[in-house]
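All chains should be modelled from the sequences, with the hints used to inform the complete structure.
Chains as they are written, first to last, in the numbering used here: chain V, 541 to 953; chain G, 17 to 275.
These are computed hints drawn from the structure, not numbers from a lab.
Fair warning: this is a prediction, and the values are worked out from it, not measured in the lab.
C-beta atoms are modelled at their ideal positions from N, C-alpha and C, and glycine is treated no differently.
Straight line, CA to CA, 30 Å or less: simulated DSSO-like cross-link-like pairs of lysine-lysine:
#: 1; chain 1: V; residue 1: Lys719; chain 2: V; residue 2: Lys876
#: 2; chain 1: V; residue 1: Lys544; chain 2: G; residue 2: Lys241
#: 3; chain 1: V; residue 1: Lys549; chain 2: G; residue 2: Lys170
Simulated DEER-style distance windows between Cβ atoms:
#: 4; chain 1: V; residue 1: Pro811; chain 2: G; residue 2: Ala66; range: 31 to 41 Å
#: 5; chain 1: V; residue 1: Gly604; chain 2: G; residue 2: Cys119; range: 52 to 62 Å
#: 6; chain 1: V; residue 1: Ile685; chain 2: G; residue 2: Asn239; range: 22 to 32 Å
#: 7; chain 1: V; residue 1: Ile552; chain 2: G; residue 2: Trp212; range: 22 to 32 Å
#: 8; chain 1: G; residue 1: Ser266; chain 2: V; residue 2: Asp729; range: 19 to 29 Å
#: 9; chain 1: G; residue 1: Ile112; chain 2: V; residue 2: Lys641; range: 48 to 58 Å
#: 10; chain 1: G; residue 1: Ile112; chain 2: V; residue 2: Glu842; range: 52 to 62 Å
#: 11; chain 1: G; residue 1: Trp105; chain 2: V; residue 2: Leu560; range: 40 to 50 Å
For reference, the chains in residue letters:
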Amino acid sequence: MFSKPWKIKDGILVGCGLILVGLLLQYLSGRIEWEIFAWPVNILSVVFLIIVSLVIHLLRSRFGFCGWISSLASAVPAIGFSLALTIVMGLTRQVPSQMPKAADPIGISQMLRFWPFVLCYTWMVLTLMTTVIRRISTFKWKKDIPFMLSHIGLILVIVCGTLGSADLLQLEMTVTEGKTESKAVSEVDRSLQDPGLSVFLKDFSIDEYPPKVYVVDRASRKIVNRAEFISAELVPSSQNLSGWEVTVEKALPFAAPAEALIRKDSISFEPWEGDGAVHALFVKARKDGISKDGWISPGSHEFEERVLDLDENFALKVPSPAPRRYSADMAVTSRKGERVEKTIAVNEPLKIDGWKVYLVDYDNERGRWSKIAVFELVRDPWIPFVYIGIFMLLAGAVCMLSLSGGRKTNGKS
Amino acid sequence: MSWDSFIYFAVPSVLFWFLGAFLAWKPLRHKAAVASTLIGLVIFFSYIVAMWISLERPPLRTMGETRLWYSFFLPVAGLLVYSRWRYKWILSFSSIMALVFICVNLFKPEIHSKTLMPALQSPWFAPHVIVYMFAYALLGASFLMALWLLVRRKNPSEEEIQMTDGLVNVGVAFLTFGMLFGALWAKEAWGHYWGWDPKETWAAITWFAYLLYIHFRRLRPRNWKAAMAILLICFVCLQMCWWGINYLPSARATSVHTY
Chain V
541 MFSKPWKIKD
551 GILVGCGLIL
561 VGLLLQYLSG
571 RIEWEIFAWP
581 VNILSVVFLI
591 IVSLVIHLLR
601 SRFGFCGWIS
611 SLASAVPAIG
621 FSLALTIVMG
631 LTRQVPSQMP
641 KAADPIGISQ
651 MLRFWPFVLC
661 YTWMVLTLMT
671 TVIRRISTFK
681 WKKDIPFMLS
691 HIGLILVIVC
701 GTLGSADLLQ
711 LEMTVTEGKT
721 ESKAVSEVDR
731 SLQDPGLSVF
741 LKDFSIDEYP
751 PKVYVVDRAS
761 RKIVNRAEFI
771 SAELVPSSQN
781 LSGWEVTVEK
791 ALPFAAPAEA
801 LIRKDSISFE
811 PWEGDGAVHA
821 LFVKARKDGI
831 SKDGWISPGS
841 HEFEERVLDL
851 DENFALKVPS
861 PAPRRYSADM
871 AVTSRKGERV
881 EKTIAVNEPL
891 KIDGWKVYLV
901 DYDNERGRWS
911 KIAVFELVRD
921 PWIPFVYIGI
931 FMLLAGAVCM
941 LSLSGGRKTN
951 GKS
Chain G
17 MSWDSFIYFA
27 VPSVLFWFLG
37 AFLAWKPLRH
47 KAAVASTLIG
57 LVIFFSYIVA
67 MWISLERPPL
77 RTMGETRLWY
87 SFFLPVAGLL
97 VYSRWRYKWI
107 LSFSSIMALV
117 FICVNLFKPE
127 IHSKTLMPAL
137 QSPWFAPHVI
147 VYMFAYALLG
157 ASFLMALWLL
167 VRRKNPSEEE
177 IQMTDGLVNV
187 GVAFLTFGML
197 FGALWAKEAW
207 GHYWGWDPKE
217 TWAAITWFAY
227 LLYIHFRRLR
237 PRNWKAAMAI
247 LLICFVCLQM
257 CWWGINYLPS
267 ARATSVHTY
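Put into structure tokens, the structure is as follows:
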């Protein structure tokens, strides 16, 4: 045991040792507070890791540990232990990192702040770094490029992603249409922050899919068969729904209920474009000689939902249509005087002064009538390094394809 | 085109695939085996294209739709392996696996044609899912290989083990693409490239598990049994990531990926 050269068995012992040490640290000093790694602690840690790796490399023939850590006999157990703890993480309900403490006494429900987890991943990173250094010293272009791409890429992603997360700023800002907002709330501790940006929301709008008519259970109002519906896109439109011959005769995208003159038990809808106007469809249903007709509507914050009863058990309903696209027409000014005017949507953030502004939410109760838009402002100074790592990993994967495609010999990658 | 018509495409595709699988067992029938499998693939793919057109979005949103691509890519993976290495049984295996997923779609279809919500309307959506489905098919083939070697082979040939390695290498390459496309897309859509949500956690688990296999193979090239056993565990992680998390109590309410 622990005689040179160290083997996979020794690696398993190291792993168990790290877990024990980690549990002890967790008990004595509590969870890992990543916040302490904010600049400049994170960059100093990176430098420290590099120096340690170089020293290990220089001492590789002197000490069993140093020779072992840059070998597969370290890589395999390091991956194994990290994997095992990540599986525990995957199987357990995790508490968000921002919460002040874990939900369990050991700490596994906040795995990213759990000492054993971090120690095992650090072991894996040290293995990666010392292996890369060892390979650099015997570098041969063709043979080692794919290796360097994958392994250095992974180091960048894990190290810069983890240590850089302490410098990550994620703020939430709610802006009302027609107004400007310059304060935002931290998503970590809900404290008020000043991002140095002024956000003016000209207009928030939702582009919806056409409404669909379904047969629902009268008591629960739940849809009977999701596959059977009539889309109100083209009107009139007919279809057989659960045995009923249903026709959508009229579709008003913006309407309000008006009193029926002839029938007191039903309501009719008229076009109206005020705040809270609803979709309204006039439908007719026929089955076995019975005929029903009337207006149905999904309702809004102003008006009630309306369904058409078919018999004791079923009714016709039109749920609120699903959103196709949300967008916010806005103007953002930075402290430096830079101004960006743009309409942004999900998947299309706005960039200004090192910040990225994302559209994330709106007033769900008012739906398309939402007077507000919720934005996420993100500042991630370490992201260029993570991107480099990601692209190196992608390139490394492409190399894996071209190398293992036709080779008969188990070529080194 | 709708799910109601699926059976009319699935049945001829499966018949052509099984014909190809049967021909693979006959000596000197390689070309016919390949041709038959290709015809089955063309028929099946034409259904996918028709669905794409009628849904007005790529059919990649529901579980049933992803199973469609899996049923397509499995015979593709089998065909690639067969053309390259001529294993008589690979087309039989890939056809059976494709049939399993086709049957799931026929008997438990997820025909809720969900309209694409705004977060999914991105050019990243199709490449992210398709590349993952292709990786899953290759890794599925490697799982079959591992199972076969463990159960039936006392002395696998070097070639057989290398074939498994080849399938894993290419599978992991595509798994890497899928994972990183997801990260790049997440940054554009949600502001951060990795959120450790259950799907992402299990994607990382699956990735590391297959990396464990690759590195173990280099460390202990002769211990093929342990390697194949690792491969079985890898496949379990993969299934967990794909659909197992939908049943995990800890994941259900919290993942953006449950569908």
